[in-house]
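Bring the two chains, given one by one in their own frames, into a single complex with the hints.
Protein chains in written order, with this note's numbering: chain A, 1 to 378; chain B, 1 to 232.
Simulated from the structure, these hints should not be mistaken for laboratory data. A hint or two may mislead.
Stated by the list, open to error - Listed next, the in silico DSBU-like pairs over lysine-lysine satisfying Cα-Cα at most 30 angstroms (straight line):
| id | chain 1 | residue 1 | chain 2 | residue 2 |
| --- | --- | --- | --- | --- |
| 1 | A | K368 | B | K142 |
| 2 | B | K87 | A | K301 |
| 3 | A | K13 | B | K142 |
| 4 | A | K76 | A | K219 |
| 5 | A | K368 | B | K9 |
| 6 | B | K142 | A | K301 |
Said to hold, decoys possible - Some residues of chain A that are not near chain B, with every Cβ distance over 12 angstroms (derived):
| id | residue |
| --- | --- |
| 7 | K121 |
| 8 | F257 |
| 9 | I352 |
Stated by the list, open to error - Here are a few chain B residues that face chain A, going by a calculated C-beta distance under 8 angstroms:
| id | residue |
| --- | --- |
| 10 | S49 |
| 11 | H53 |
| 12 | D59 |
| 13 | K63 |
| 14 | F67 |
| 15 | M76 |
| 16 | E78 |
| 17 | W79 |
| 18 | L102 |
| 19 | I110 |
Using N, Cα and C, we set each Cβ at its ideal position, and we do this for glycine too.
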Amino acid sequence: MISLAFHNLFRHKARTILSLLGIVLGVAAIIVMVAVIDGIQDEIVTALSQLQGVQVLEADSMGPMFSQIDESYTSKLESIQGVRVAVPTIMGLVKNIDGETVPLSMSRVMVYGMDISRQSKTRGETIVAEITKGEELVAGEKGKLMLGEAVAEDYSKFVGSSIKVNGKRFKVKGIFKMNSPLMETTIVLPIDEARNLLDFPEGKVSMYNLDLVNPEEDKKVAKLINFRYGDELDAASSSQFSGEIESLLGDLRLVVFLVAAIAAIVAGIGIINTMLMSVLERFREIGALKAVGWTNYDVMKMIILESIMIGFIGAIAGVILGYAAAEAAKGILGLTLLVTPMLVAEALAFAIAIGLVAGLYPAFVASKMDPVEALTAE
Amino acid sequence: MKEVLVEAKNVTKEYHLGHTIVQALRGVSIDVKDEDFVIIVGPSGSGKSTLLHLLGALDHPTKGQVFIGGLDTALMDEWSLAMVRRKQMGFIFQTFNLIPTLTALENVMIPTEPMNVSEEEVMERAANLLKTVGLGNRISHKPDELSGGERQRVSIARALINDPELIYADEPTGNLDTVTGGKIIDLMINLNKKEGKTFVMVTHDTSLLKYANKRVFLRDGLVQKVEASERK
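Excised from the complex, chain B in its bound form (with noise of 0.2 angstroms):
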């Protein structure tokens, strides 16, 4: 059995539009277990960004509870809970959110820039994780000089300079044409089987459904159904 990393228990999250409640989630309970490559599918709106942005402790719910390596979240403050991100966690975007002025190498040390280590064993971590994506001869180009699916390759190795066991990413492949973003979804795959990082996935591509071994489909804040096979 394998451990649990991250939990939600029955969250709920309202948002405020001006006067009316917006309900993004009402109810949703999943779990997630080291090594798992999940992917939350739905159509725009059913909620799986915010149920994304939950488990990476960058929102709390309304209602419910949202465990991080057994810890309730609830009772973090927000620096606790920017510490579980750098330590715990890599995040990739659906826009890559890169740092224009930065080169890739750069980009990918950004999150090691407010901590205390050696800036050389940080650097030659970025550079072998730039590699390992593929872009090992593009270090010192900047976002502008890159095409999107490099962008995503050097989000993708930005999420992994601190180590994390799990890594979340939101439509990691929506804004790439599909030969692009299947290379980029090979890569993660790769990790997730090579290297045993944790993947927590956000699409509304079900196509990408075949690679995952846990499947949570949504629908208007509401998980529908849960597909689960062991990993192969």
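Pulled out of the complex, with its shape left as it was, chain A reads as follows (with noise of 0.2 angstroms):
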């Protein structure tokens, strides 16, 4: 019954292929938008992997742009039980380099000034994965600074070049890379350089991450933090933090999904006016398999049969497009696909659930017709 579906599907090829064409758009469509939803949340996850231990913010602020923690905490936060360091570190947008204005795109610039002393003493990883070229900032220097890859090549900086940021001058001692290119717009700078340039308040910082005796213990330090200093920090552990992103991104992958599988629905619709239409012109045919002794369900499942033939081969061939463009836009836009085997699965069963769903009510429509009035139509 296989081949007589396969057979009956290409009878009209025009009408075939044009609704296979709506199936394979649609998956098509699933599969680039989800893998670019499934690519951020990956380099955000693999990015947040590598800070391990707590960040302490201001209680209620938005993000460490905004908050501000008196500096008097560093000897507090380290006397609580379970924290080997607490780094302060001073966070903000670089407004301009070398006298040009730095937009506030995706291409921002972030300073990122921490306690060189106390970050050394730390032993887990820290936002820096690799100095890929130069040395590392060491404790008390002053007028150097490490840029993450990215910054160096949009402004075409080497090790000893010399940068100005937001007016004053440095020289560049290391270059780093980060296993997520999301945080490689970073210059890194002792603590107190980068108060100078942000004209930061004295006494206070953004936010302390916290070096940790035991990494595994994150989640209870944190709690130990909130409880006792709740009122004016807010003590959060990465693998807490990275729980909420992935959560997050969660639901604008299910958004993204709905919003293609509605091109895939409108697809089906297209499926079930071909396949009607397919059987309304077979009347005489279905006819005459009910007189040599077809039963209606066998009808029925022939018809079902060719639908999730559509279903399925637009939904292989989709894809094959879907993946082709994929890759097409990660090599020409840069952008990080992710085309997960999970992705792949989700979109053939949805394509082949929306030809079955399809083929339910011009199957029904076939195995009602009435032999008699099938053989009888002139």
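See below:
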């Protein structure tokens, strides 16, 4: 019956191909759009996984850029059980580089000023994954900074180059790489230099990164801090944070999937139309099949098979097209797209399900055809 | 005395055309015995096709009963009727009703498609049937590569695939020229005489009556007369 259904599909090649096209585009849209989200999620999760320990911000602040904490918390935080080192950090946006205004777009540049002597005592990973050129900053140094690879590239800087940040001149001591390009637009420098650069108030810092005695106790330590200083501080473990981001992206993924799914559902309506026309045209044949002993169920099965085949063929072609488009987007636009086997499976299952559902009504119509009417109609 | 295969008892059939009721059959009784060659003849609108559909378990009478193998069709559900058609009957139509995308061989095999039978076995049987109807060399041709007469031969082979005892033919020569039609009738008579297949044929062509051992004359939904002779 499978080969019969397959043959039936290609009686009206143009019509079948048009309804196939709908499914192909719908599936390809799902693949590409969801792959973008999966790509972003993968990047963020990778980036977050590098940040261990606990971050402490001002209570109720909207993020590190808006947070101000009294510096006196350094010793208070370090006296909490389970905390090895509390690294005070100042963060802010760079206004201009070499006299040129930095636009507040995706290519914005962030200043990350940290207490170098404390940072060097930490055991966990820092935000810097790897120094690719030059050397790391040493405590007490002045007039030197490290650039993220993206910044170095955008402003054509090398180790030893001079760079003017917010009107102050520095020498590039090192260039570093991070596992996520999202975080490579960063300038790292000692906390006091950052304070000057950003006009950050004396005695205040943006946040603390805590290095823990036992990294697995991050949630426990965060809870302890919130319990003790909850009115002024807000401590969060990275694992908790990455969980939140993942769930947020999970929601976004669902929304994108649903939007693309609408396209595929419209394609499904196209299948219903195609199948219905095909069934109505074949009324005489279907009548004959019933006369020679096909049951209503047999007729139904044949029509649903045809419809599922449209879904299946469309899904396969859509996955191939979507995958090719995702690869092209990677190459041409430099986007990070991730076509996971899970996504391919979801898209396939979805398209086949649409084929099945779209076949139900035409199959029902066919199964209810009266063989007598089918055979006597002129 | 031959066994009665199908029997209609005082059947009527009414159709609704808008608000008017059309009486296609107004109380017809007929029986078909094993190895009969029955021809139902009458002008168009006489109810002959309707009668064939009732005898062929394709439709239910409005009143009266149809017995197939002694069983009342009114008591059978759709599925049982489909099984009766599949196992005990074959159909030949005026318009052939072959599937254009399938070869002659595949068309002959189509009634067995939903059945759980060995494909090779069916294929062999279908090829033999095509040989029997004189199309041994055309088995892989599609319907549009065959002449009208050849197509009707394919549909005769299709009617025989499940080896039924009864074959219904609705104007089988209606779309064919006289010579080709004559050959189709010869083929049917041969199957009747050599293989003992029972035929019930509907036609408006009175020149074919000579081939039947039972002739049913229908007019306005009523049997005018029945002529029966012992099979030669």
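Outcome of the hint check:
At roughly 28 angstroms between alpha-carbon atoms, A:K368 and B:K142 fall within 30 angstroms of each other, so this suggested pair holds. As the CA atoms of B:K87 and A:K301 are separated by approximately 20 angstroms, the hinted pair is consistent with the 30 angstroms bound. Proposed proximity of A:K13 and B:K142 is supported: the alpha carbons are some 18 angstroms apart, at most 30 angstroms. Distance hint between A:K76 and A:K219 is fulfilled; the C-alpha atoms sit about 18 angstroms from each other, no more than 30 angstroms.
About 28 angstroms separates the Cα atoms of A:K368 and B:K9, which keeps this hinted pair within 30 angstroms; it holds. Restraint check for B:K142 and A:K301: satisfied, since their Cα atoms lie roughly 24 angstroms apart, inside the 30 angstroms limit. With a least beta-carbon separation of about 77 angstroms from chain B, A:K121 lies farther than 12 angstroms from that chain, consistent with its non-interface assignment. Every beta carbon of chain B lies more than 12 angstroms from that of A:F257, the smallest distance being close to 37 angstroms; the non-interface claim holds.
Listed as a non-interface residue, A:I352 keeps its Cβ farther than 12 angstroms from every Cβ of chain B; the least gap is roughly 22 angstroms. With a cut of 8 angstroms, the hint placing B:S49 at the interface with chain A holds, because the nearest CB-to-CB distance is about 6 angstroms. Taking 8 angstroms as the C-beta cut-off, the interface hint given for B:H53 holds, the closest approach to chain A being about 5 angstroms. Interface hint status for B:D59: upheld, as the beta-carbon distance to the closest one in chain A is roughly 5 angstroms, under 8 angstroms.
Look at B:K63: its Cβ only gets to about 17 angstroms from chain A, farther than 8 angstroms, so that hint breaks. For B:F67, the shortest C-beta to C-beta distance to chain A is roughly 19 angstroms, which exceeds 8 angstroms, and the interface hint is violated. Restraint check, B:M76 versus chain A: the minimum CB separation of about 12 angstroms is more than 8 angstroms; hint violated. Because the closest C-beta pair between B:E78 and chain A is about 6 angstroms apart, less than 8 angstroms, the hint holds.
This hint holds: B:W79 has a C-beta 5 angstroms from the nearest C-beta of chain A, less than the 8 angstroms allowed. Below 8 angstroms, beta-carbon pairs count as interface contacts, and B:L102 has one with chain A at about 7 angstroms; its hint therefore holds. Given hint, B:I110 at the interface with chain A, holds; its Cβ is 7 angstroms from that chain's nearest Cβ, closer than 8 angstroms.
Checked against the numbered hints above, the structure violates hints 13, 14, 15; every other hint is satisfied.
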